[in-house]
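Novice: If you want the building blocks of each chain, they are given just below.
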Amino acid sequence: MTIAWQHFTPWASLAGGMLIGLAAALLILFNGRIAGISGILGGLLRPRSGDLGWRIAFLAGLVGTPLLYSLWQALPPVQIEAGTPALIVAGLLVGVGVRYGAGCTSGHGVCGLSRLSPRSLAATMAFMAAGFLTVYLLRHL
Amino acid sequence: MSKLLLSLLSGLVFGLGLIVSGMSNPAKVLGFLDLAGAWDPSLALVMGGAIAVAMPAFWLAGRRSTALLGEPMQLPASRRIDRRLLLGSLAFGAGWGIAGFCPGPALVSLLAGQPKAWIFTGAMLAGMAAFEVLEHRKRPAPA
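Quick mapping for you: the protein sequence lines, in order, are chains B and R.
The first sequence maps to residues 168 to 308 in the working numbering.
The second sequence maps to residues 57 to 199 in the working numbering.
I should point out that these hints are in silico values taken from the structure, not numbers from a laboratory.
Please note that a few of the clues may not be correct.
[What the hints assert, rightly or not] What the simulated footprint calls covered on chain R by chain B, stretch by stretch (three residues with Cβ under 8 Å from a Cβ of chain B suffice, anywhere in the stretch; the number is not a length):
| hint | segment |
| --- | --- |
| 1 | 84 to 92 |
| 2 | 114 to 125 |
| 3 | 130 to 138 |
| 4 | 155 to 166 |
Glycine included, C-beta positions come from ideal geometry on N, C-alpha and C.
Between the sequences and the hints, there should be enough to build the whole structure, so can you do that?
Specialist: As structure tokens, then:
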């Protein structure tokens, strides 16, 4: 294994991670809700009355962030190497997978691990392993 | 009202965290998932930083039955580790490894001038809708 020191951003990544943790802390302590993006988004597809507002407000904040950020400074690069067919396959797999798996990087990886949930640990190990394996297969075989 | 404002604030802080951490850049995510290449360990620190801050909050939350704004505390009750959880998570991880996008970063990239993020997000929503259809079909009709 070689480390890509030129790409390593320990402080920015740690600070960004702490902001994500802060967002999850705010949502659970004040609203009693888990900051799991796939759960919040997926819940919109099976609407229940009284359960929509907070989801839409959260997602509006998330989607609107780059607009606010760019008022303050230039957005960092978003480099998407995958072509259209790969993006479609990837999106379908992610969409179906996070709903059957009941969570993604945020719901299981951040909130679940923070709660010391064995179920979330199992899910996180599964999606990390699949992510590592997929990149290995696509880049090195 | 304050409940909605709090949700909006949480979404903004979450999105800011994704941008600042580098997690909203698929190339950086793939650099983390590429253990056999030139490995970029940054994203381990994203998760570590997030958990360090969130863990005490969830510890407190676990001790309360209502949240600070009066809503019931809704912590997941399921502890089941079954095929559904594992196969779903494996599929998610495979898709994550193909494009470098998980749901949060895809949504944050929509208004960052990234047409490709719309393609991914459209497919992701289609996948979520497929799940809803399959779930409803499976449910037995009431007797």
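Novice: All the hints need checking, so say for each whether the structure fits it.
Specialist: Evaluated hints:
1. 84 to 92: holds (count 7)
2. 114 to 125: As far as the segment 114 to 125 of chain R goes, the hint holds, because 8 residues have Cβ atoms under 8 Å from chain B.
3. 130 to 138: Satisfied; 7 residues make the cut.
4. 155 to 166: holds (count 11)
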